[in-house]
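All residue numbers for the sequence shown refer to numbering that gives the first Met the number 0, where the first residue is 0 and numbers rise by one.
Note that these hints are calculated values from the structure, not bench results.
Accuracy of the hints is not assured; some may be wrong.
What the hints assert, rightly or not - Simulated DEER-style distance windows between Cβ atoms:
hint: 1; residue 1: H53; residue 2: V103; range: 41 to 49 Å
hint: 2; residue 1: T58; residue 2: Y94; range: 44 to 52 Å
hint: 3; residue 1: L121; residue 2: A57; range: 19 to 27 Å
hint: 4; residue 1: W43; residue 2: E101; range: 34 to 42 Å
Positions of the beta carbon are idealized from the N, C-alpha and C atoms, including for glycine.
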Amino acid sequence: MSANANDLRNPLKRARALGSAQSGAGHWWTQRVTAAALVVLGLWFVITVLCLLHADFATARATVAKPWNALLLILFVVTAFWHAVLGLQVVIEDYVHTRWKEVVLLVAIKFLAVLCALAGVLAVLRIALGA
């Protein structure tokens, strides 16, 4: 019998060190928090876009250049890509059963998300800083 009577894992599983990685709850919470943040930021984004519907380019640029709007837009871009990576990671881990394909897809998705998020942040910063 095991040293800990509360350990309900199979002895073979315990010997192979298989089991919970203790990170599932953190991933779940992060996905929920980013989803809640995207609801708020998405509402702000839609309202801002609707206010700029018939505006000219200079007005739209001036709106994005305002500090609070630039900050919220950067938060929206980063949160959207972070949430997308978390969601795609779950889908890949659940449905891709070949280990090397899973690793390649996870690395590719994270690389593309970071690249696109940086491009979005840099675009907003260029507008906000007047470059």
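Going through the hints against the structure:
no.: 1; hint: H53 x V103: 41 to 49 Å; result: 46 Å, holds
no.: 2; hint: T58 x Y94: 44 to 52 Å; result: 45 Å, holds
no.: 3; hint: L121 x A57: 19 to 27 Å; result: 21 Å, holds
no.: 4; hint: W43 x E101: 34 to 42 Å; result: 36 Å, holds
Going through the hint list in order, the structure satisfies each hint without exception.
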